[in-house]
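2 protein chains.
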Amino acid sequence: MIEDNLLGFYESGKGDQFTQGVDPATGKLLFGKFKNAISSEVDEALKRSAEAFEIYRKKSANEKAKFLYTIADQIEEIGETLIERCCAESGLASARITGERGRTTSQLRMFADLIEDGSWVEATIERADADRSPIPKPDIRRILTPMGPVVIFAASNFPLAFSTAGGDTASALAGGNTVIVKAHSAHPGTSALVGEAINKAAIKCNMPDGVFSLLHGSGKDVGQRLIKDKRVKAAGFTGSEKAGRILYDLANQREEPIPFFAEMGSVNPVLVLPSALNSDTAEMLSSSITLGSGQFCTNPGLILSIAGNALEDFIGELSQRLSRIDPQVMLTEKICKSYNDMKSLSSANQHLKNETESIDTAQKNYATPVLLSIEGKDFLNNLNLSNEVFGPYSIIVKCKDKDQLNEILANLKGQLTGTVFGASQDFEDFTQLIDQLEKRVGRLIFNGVPTGVEVCASMQHGGPYPASSDSRFTSVGTMAIKRFVRPIAFQSWPDEQLPHELQDSNPLNIWRLIDGKWTKD
Amino acid sequence: MIEDNLLGFYESGKGDQFTQGVDPATGKLLFGKFKNAISSEVDEALKRSAEAFEIYRKKSANEKAKFLYTIADQIEEIGETLIERCCAESGLASARITGERGRTTSQLRMFADLIEDGSWVEATIERADADRSPIPKPDIRRILTPMGPVVIFAASNFPLAFSTAGGDTASALAGGNTVIVKAHSAHPGTSALVGEAINKAAIKCNMPDGVFSLLHGSGKDVGQRLIKDKRVKAAGFTGSEKAGRILYDLANQREEPIPFFAEMGSVNPVLVLPSALNSDTAEMLSSSITLGSGQFCTNPGLILSIAGNALEDFIGELSQRLSRIDPQVMLTEKICKSYNDMKSLSSANQHLKNETESIDTAQKNYATPVLLSIEGKDFLNNLNLSNEVFGPYSIIVKCKDKDQLNEILANLKGQLTGTVFGASQDFEDFTQLIDQLEKRVGRLIFNGVPTGVEVCASMQHGGPYPASSDSRFTSVGTMAIKRFVRPIAFQSWPDEQLPHELQDSNPLNIWRLIDGKWTKD
Numbered sequence: 004m005i006e007d008n009l010l011g012f013y014e015s016g017k018g019d020q021f022t023q024g025v026d027p028a029t030g031k032l033l034f035g036k037f038k039n040a041i042s043s044e045v046d047e048a049l050k051r052s053a054e055a056f057e058i059y060r061k062k063s064a065n066e067k068a069k070f071l072y073t074i075a076d077q078i079e080e081i082g083e084t085l086i087e088r089c090c091a092e093s094g095l096a097s098a099r100i101t102g103e104r105g106r107t108t109s110q111l112r113m114f115a116d117l118i119e120d121g122s123w124v125e126a127t128i129e130r131a132d133a134d135r136s137p138i139p140k141p142d143i144r145r146i147l148t149p150m151g152p153v154v155i156f157a158a159s160n161f162p163l164a165f166s167t168a169g170g171d172t173a174s175a176l177a178g179g180n181t182v183i184v185k186a187h188s189a190h191p192g193t194s195a196l197v198g199e200a201i202n203k204a205a206i207k208c209n210m211p212d213g214v215f216s217l218l219h220g221s222g223k224d225v226g227q228r229l230i231k232d233k234r235v236k237a238a239g240f241t242g243s244e245k246a247g248r249i250l251y252d253l254a255n256q257r258e259e260p261i262p263f264f265a266e267m268g269s270v271n272p273v274l275v276l277p278s279a280l281n282s283d284t285a286e287m288l289s290s291s292i293t294l295g296s297g298q299f300c301t302n303p304g305l306i307l308s309i310a311g312n313a314l315e316d317f318i319g320e321l322s323q324r325l326s327r328i329d330p331q332v333m334l335t336e337k338i339c340k341s342y343n344d345m346k347s348l349s350s351a352n353q354h355l356k357n358e359t360e361s362i363d364t365a366q367k368n369y370a371t372p373v374l375l376s377i378e379g380k381d382f383l384n385n386l387n388l389s390n391e392v393f394g395p396y397s398i399i400v401k402c403k404d405k406d407q408l409n410e411i412l413a414n415l416k417g418q419l420t421g422t423v424f425g426a427s428q429d430f431e432d433f434t435q436l437i438d439q440l441e442k443r444v445g446r447l448i449f450n451g452v453p454t455g456v457e458v459c460a461s462m463q464h465g466g467p468y469p470a471s472s473d474s475r476f477t478s479v480g481t482m483a484i485k486r487f488v489r490p491i492a493f494q495s496w497p498d499e500q501l502p503h504e505l506q507d508s509n510p511l512n513i514w515r516l517i518d519g520k521w522t523k524d
Numbered sequence: 004m005i006e007d008n009l010l011g012f013y014e015s016g017k018g019d020q021f022t023q024g025v026d027p028a029t030g031k032l033l034f035g036k037f038k039n040a041i042s043s044e045v046d047e048a049l050k051r052s053a054e055a056f057e058i059y060r061k062k063s064a065n066e067k068a069k070f071l072y073t074i075a076d077q078i079e080e081i082g083e084t085l086i087e088r089c090c091a092e093s094g095l096a097s098a099r100i101t102g103e104r105g106r107t108t109s110q111l112r113m114f115a116d117l118i119e120d121g122s123w124v125e126a127t128i129e130r131a132d133a134d135r136s137p138i139p140k141p142d143i144r145r146i147l148t149p150m151g152p153v154v155i156f157a158a159s160n161f162p163l164a165f166s167t168a169g170g171d172t173a174s175a176l177a178g179g180n181t182v183i184v185k186a187h188s189a190h191p192g193t194s195a196l197v198g199e200a201i202n203k204a205a206i207k208c209n210m211p212d213g214v215f216s217l218l219h220g221s222g223k224d225v226g227q228r229l230i231k232d233k234r235v236k237a238a239g240f241t242g243s244e245k246a247g248r249i250l251y252d253l254a255n256q257r258e259e260p261i262p263f264f265a266e267m268g269s270v271n272p273v274l275v276l277p278s279a280l281n282s283d284t285a286e287m288l289s290s291s292i293t294l295g296s297g298q299f300c301t302n303p304g305l306i307l308s309i310a311g312n313a314l315e316d317f318i319g320e321l322s323q324r325l326s327r328i329d330p331q332v333m334l335t336e337k338i339c340k341s342y343n344d345m346k347s348l349s350s351a352n353q354h355l356k357n358e359t360e361s362i363d364t365a366q367k368n369y370a371t372p373v374l375l376s377i378e379g380k381d382f383l384n385n386l387n388l389s390n391e392v393f394g395p396y397s398i399i400v401k402c403k404d405k406d407q408l409n410e411i412l413a414n415l416k417g418q419l420t421g422t423v424f425g426a427s428q429d430f431e432d433f434t435q436l437i438d439q440l441e442k443r444v445g446r447l448i449f450n451g452v453p454t455g456v457e458v459c460a461s462m463q464h465g466g467p468y469p470a471s472s473d474s475r476f477t478s479v480g481t482m483a484i485k486r487f488v489r490p491i492a493f494q495s496w497p498d499e500q501l502p503h504e505l506q507d508s509n510p511l512n513i514w515r516l517i518d519g520k521w522t523k524d
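Respectively, the protein sequence lines represent chains A and B.
Residue numbers for the first sequence follow the working numbering, beginning at 4 and rising by one.
Residue numbers for the second sequence follow the working numbering, beginning at 4 and rising by one.
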């Protein structure tokens, strides 16, 4: 395992501070002292990234696709060593991490397929018309083009799928950008193993030195230094609203502001309509709330329903189910402490009733699920309760009627998801509520749970602020590539000098919009 | 002519300050005292805009298209009154304004066609697969949806095409958003006439009160108040880098930051390769530099070439041609003063040589074209010369060789356009230079001029900062709509409750990406 930073292909560990992996289940330090990058190393990574961009952006789509396929292969080649290390650093179970590795390699291959297919570039052609009056129409052709070095901030809760070779890195590389990953301090060994795999793939595929770099260190030091550097042209982040906002502000306050996509989570409101106050719903929600110890951006943290006996029964059933679920270890000591602090704060709130028999004898770093209930009017007076609590935690709001429910929805900030449990015929009665939800979320779900984000072309994982910093983009699915590319138009440009995607003969056989018609001609 | 603000359909002029039109050619005040909006009026416009959004966003594509067609018709109905007022307020000639009116109505109809066609929404469908292992695949469908009230800051240099009913307004309305226009103080009468036409169209088409508002007043007061209001969900701006940056910062510093697209102009570098140092190039450039008194965002303000006799001859010819062009009136006294100040500053720069016989006996508010020349090394020591000077002004840089030219390009900030004059065979010799240009611009032009921005699907009018605040978007062409829409995904949603664009039967017969294939099925 490489304990140095990867400055392109160059391994460097000049600093005297380091990051160590910790097993949250035992509190034990894991082997490996990963050197925090010092400023000259950050600078060297940026230099190599900017230089490599000049070469990488000109690689053909097939060459870039091959690189992504090879990264996936190389990650699989690490075998059990990666699974073991990742489990030890995250406290997540082997089955989950094995599944997440599958998602990670699938994402890489999905982006490889996307760029190999080629149609994603939105090739748009308007041909010249010399006879147009009053002035002739020129030939103009437009395509998406990469932006430059992209900085990726790895997430703690997906040590593989949203980390070193996760969706952000895969989409940035697919778009033709070079990437510098700021490793998450919670899983430095996992990051090192995956980073090495990426570099092996880069060498195998004859990619330039600097196409990828991996830096250990703190967000405050290494992360902020990266985001302020003028060679960086875009950034991607998954994490807390607080950290995301700090970096977002830095990105925007630069002399040359850069696109900064931050996915900052949310409480993912769930509307349980009267027709759905049943065991099936309780079963689905209890699993979703506690999945991965509740450490998902899409965790259902707020359940809204209409007060009454049926709701009381539902709460009883849901809390019983939650109480039966064993405490699970959380990702880090800090995250678990923060979760327990929030739980204590909640207990101190006289309006919140703890519905779960929370036995706080759990081992260190283990979290017990908690379900709290509150009256609608009290929730409206305590809107800070709509802020995310990271962990197996959910508040159920007993609204006195539809109007109150509507008022609560109208007061919610932007959300990644909104879920409706109900029957088809409910849509008529609850139009206004569903409408309120629709305006505030990136994804609507009917009779399902928000956790389990499908990786595909139709996914939207983002949402109005603060769910994400820019609701016009997604960080999951093929469209995540759009964050890191910009259009460029070529006017009256010689055909043989155009990108292949725009040449008359359509040599790559891609879909193009020509004079208003979609065609492969 | 309505001298009040339009708060939706409600006309209100409570303030005691007002804006008056001025004929820059004569300095005379024009009739009409347009009341600057006071805070309660701004608030009322926002209230109506937010309320109207709830209704407008649910109008069908055909209803919205009809609204846009009707706006175009209503603008044409104003007839000569609009042309006369617009010419008087802008100093622009009748032919130009008539042409610009045509562009304005064409843009409205283009967006109407776009939404009537319907395929622009990027409908993407991934169907369920219950048999997928390890977990079943849910049905997920994604579409673009409007964002909410959008604020548009009108530009001075296109009093019709980038003002009240210009491309920004048309694209925001087409996307399903309500619009509040901050009228430009240089053409309040033109704004009032067009605003009235929009409201007439709104009433005719049964659009909600508040779908459109028009506010007079200063950017500092009315503009900043609008951009800070939490009901506003996005904004569009065309103007100076200074004003654009102030508003951009405000938009990003909000508790809930919003997308703010600013098109802030550039110097639009023109590379004249040795093979193109001829009369044709000089002819095209002299026309482009002086078109509309040089008051275009795409005005070629920086010409780069390689020193030598051929270049000296070229400069002589270009300056002669420019000297033969009569002074033209500028848009406002302030703009003309700023232009003359910059000219004076340039004269004081010992490295700049004035190549034009600038006779400064022009009438008040009339601008004489100016061409300045400078050695490459001196330009590199005075990089502030690469900032835009608004007006018929261009600097030609005599580079000692390709390397120096390359160094200059490498030091340029982001640009709307980059132009190459040369022969096809030059591409091989000058690859590196063209490459440098490509990385910094939104549009590349070969053997043509950057002015005359074609309005079509393949146009990119934007570029790396500071040409625009976000290079991933354009403010001209159909794709301008993408600034004001965001994706939303529907998971396992009942078919009859989906937007028509996503329903199984494809009732609107649009192009959709279904399970990875583009189809109209």
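Hints should not be assumed to be uniformly reliable.
What the hints assert, rightly or not - 20 Å max Cα-Cα, derived EDC-like pairs, lysine to aspartate or glutamate:
#: 1; chain 1: A; residue 1: K62; chain 2: B; residue 2: D316
#: 2; chain 1: B; residue 1: K62; chain 2: A; residue 2: E441
#: 3; chain 1: A; residue 1: K520; chain 2: B; residue 2: E410
#: 4; chain 1: B; residue 1: K233; chain 2: A; residue 2: D432
#: 5; chain 1: A; residue 1: K380; chain 2: A; residue 2: D344
#: 6; chain 1: A; residue 1: K61; chain 2: A; residue 2: E79
#: 7; chain 1: A; residue 1: K346; chain 2: A; residue 2: D329
#: 8; chain 1: A; residue 1: K233; chain 2: B; residue 2: E441
#: 9; chain 1: B; residue 1: K485; chain 2: B; residue 2: D116
#: 10; chain 1: B; residue 1: K485; chain 2: A; residue 2: D473
#: 11; chain 1: B; residue 1: K523; chain 2: B; residue 2: E54
#: 12; chain 1: A; residue 1: K69; chain 2: A; residue 2: D46
#: 13; chain 1: B; residue 1: K520; chain 2: A; residue 2: E80
#: 14; chain 1: B; residue 1: K403; chain 2: B; residue 2: D316
#: 15; chain 1: A; residue 1: K520; chain 2: B; residue 2: E125
#: 16; chain 1: B; residue 1: K416; chain 2: A; residue 2: E378
#: 17; chain 1: B; residue 1: K337; chain 2: B; residue 2: D283
#: 18; chain 1: B; residue 1: K245; chain 2: B; residue 2: D116
#: 19; chain 1: B; residue 1: K485; chain 2: A; residue 2: D404
#: 20; chain 1: B; residue 1: K346; chain 2: B; residue 2: E336
#: 21; chain 1: B; residue 1: K520; chain 2: A; residue 2: D116
#: 22; chain 1: B; residue 1: K231; chain 2: A; residue 2: D212
#: 23; chain 1: A; residue 1: K485; chain 2: B; residue 2: E125
#: 24; chain 1: A; residue 1: K50; chain 2: B; residue 2: E54
#: 25; chain 1: B; residue 1: K523; chain 2: A; residue 2: D329
#: 26; chain 1: A; residue 1: K203; chain 2: A; residue 2: E125
#: 27; chain 1: B; residue 1: K233; chain 2: B; residue 2: D344
#: 28; chain 1: B; residue 1: K523; chain 2: B; residue 2: D116
#: 29; chain 1: B; residue 1: K223; chain 2: B; residue 2: E54
#: 30; chain 1: A; residue 1: K61; chain 2: B; residue 2: D116
#: 31; chain 1: B; residue 1: K61; chain 2: A; residue 2: E431
#: 32; chain 1: B; residue 1: K207; chain 2: B; residue 2: E79
#: 33; chain 1: B; residue 1: K61; chain 2: A; residue 2: D432
#: 34; chain 1: B; residue 1: K233; chain 2: A; residue 2: D329
#: 35; chain 1: B; residue 1: K245; chain 2: A; residue 2: E6
#: 36; chain 1: B; residue 1: K520; chain 2: A; residue 2: E119
#: 37; chain 1: B; residue 1: K231; chain 2: B; residue 2: E441
To be clear, the hints were calculated from the coordinates, so they are not data collected in a lab.
These numbers come from a predicted model, not from an experiment.
Now for the hints, and whether the structure bears them out:
Using a Cα cut-off of 20 Å, the hinted pair K62(A) and D316(B) is violated, with the two alpha carbons roughly 41 Å apart. Restraint check for K62(B) and E441(A): the C-alpha separation of about 16 Å stays at or below 20 Å, so the hint holds. With a C-alpha separation of about 41 Å, the suggested pair K520(A) and E410(B) falls outside the 20 Å cut-off, and the hint is violated. Pair hint K233(B) plus D432(A) does not hold up; C-alpha atoms about 29 Å apart against a cutoff of 20 Å.
In summary, the hint linking K380(A) to D344(A) is not supported, as the alpha carbons are separated by about 25 Å, beyond the 20 Å threshold. The hinted pair formed by K61(A) and E79(A) fails the criterion: a straight-line CA distance of about 28 Å is larger than 20 Å. Straight-line distance between C-alpha atoms of K346(A) and D329(A) comes to about 17 Å, which keeps the hinted pair within the 20 Å bound. This hinted pair checks out: K233(A) and E441(B) have alpha carbons roughly 18 Å apart, not beyond 20 Å.
Taken as a hint, the K485(B) and D116(B) pair is honoured in the structure, with Cα atoms around 16 Å apart against an allowance of 20 Å. With a CA separation close to 13 Å, the supplied pair K485(B) and D473(A) stays within the 20 Å bound. Among the hinted pairs, K523(B) with E54(B) is inconsistent with the structure: their alpha-carbon atoms are about 35 Å apart, more than 20 Å. Only pairs whose Cα atoms come within 20 Å are accepted, and K69(A) paired with D46(A) is rejected, the gap being roughly 29 Å.
Between K520(B) and E80(A) the alpha-carbon distance is near 32 Å, which puts this suggested pair outside the 20 Å criterion. Taking the CA atoms of K403(B) and D316(B), the gap is about 16 Å. The hint holds against a cut of 20 Å. The hinted pair formed by K520(A) and E125(B) meets the criterion: a straight-line CA distance of about 15 Å does not exceed 20 Å. About 56 Å separates the Cα atoms of K416(B) and E378(A), which puts this hinted pair outside 20 Å; it is violated.
Among the hinted pairs, K337(B) with D283(B) is inconsistent with the structure: their alpha-carbon atoms are about 34 Å apart, more than 20 Å. Our distance criterion of 20 Å between C-alpha atoms is broken by K245(B) and D116(B), whose separation comes to about 35 Å. This hinted pair does not check out: K485(B) and D404(A) have alpha carbons roughly 38 Å apart, beyond 20 Å. Restraint check for K346(B) and E336(B): the C-alpha separation of about 15 Å stays at or below 20 Å, so the hint holds.
A threshold of 20 Å between alpha carbons decides the hint, and for K520(B) with D116(A) the separation of about 13 Å falls inside it, so the pair holds. Simply put, K231(B) and D212(A) have alpha-carbon atoms about 45 Å apart, too far for the 20 Å limit, and the pair is violated. For the hint pairing K485(A) with E125(B), the CA-to-CA distance comes to about 13 Å; that is within 20 Å, so the pair holds. Taking the CA atoms of K50(A) and E54(B), the gap is near 51 Å; set against the 20 Å cutoff, the hint is violated.
Only pairs whose Cα atoms come within 20 Å are accepted, and K523(B) paired with D329(A) is rejected, the gap being roughly 50 Å. Taken as a hint, the K203(A) and E125(A) pair is broken in the structure, with Cα atoms around 32 Å apart against an allowance of 20 Å. Between K233(B) and D344(B) the alpha-carbon distance is near 39 Å, which puts this suggested pair outside the 20 Å criterion. A C-alpha spacing of about 18 Å is found between K523(B) and D116(B), which places the hinted pair at or below 20 Å, so the restraint holds.
For the suggested pair K223(B) and E54(B), the alpha carbons sit about 26 Å apart, so the restraint of at most 20 Å is broken. Note on K61(A) and D116(B): the hinted pairing is violated, with a Cα-Cα distance of about 36 Å set against a maximum of 20 Å. About 15 Å separates the Cα atoms of K61(B) and E431(A), which keeps this hinted pair within 20 Å; it holds. For the given pair, K207(B) sits about 15 Å from E79(B) by alpha-carbon distance, which is consistent with the 20 Å threshold.
Among the hinted pairs, K61(B) with D432(A) is consistent with the structure: their alpha-carbon atoms are about 18 Å apart, no more than 20 Å. The hinted pair formed by K233(B) and D329(A) fails the criterion: a straight-line CA distance of about 43 Å is larger than 20 Å. Proximity of K245(B) to E6(A) is assessed by CA-CA distance (about 46 Å); at most 20 Å being required, the pair is judged violated. Proposed proximity of K520(B) and E119(A) is supported: the alpha carbons are some 14 Å apart, at most 20 Å.
Note on K231(B) and E441(B): the hinted pairing is violated, with a Cα-Cα distance of about 35 Å set against a maximum of 20 Å.
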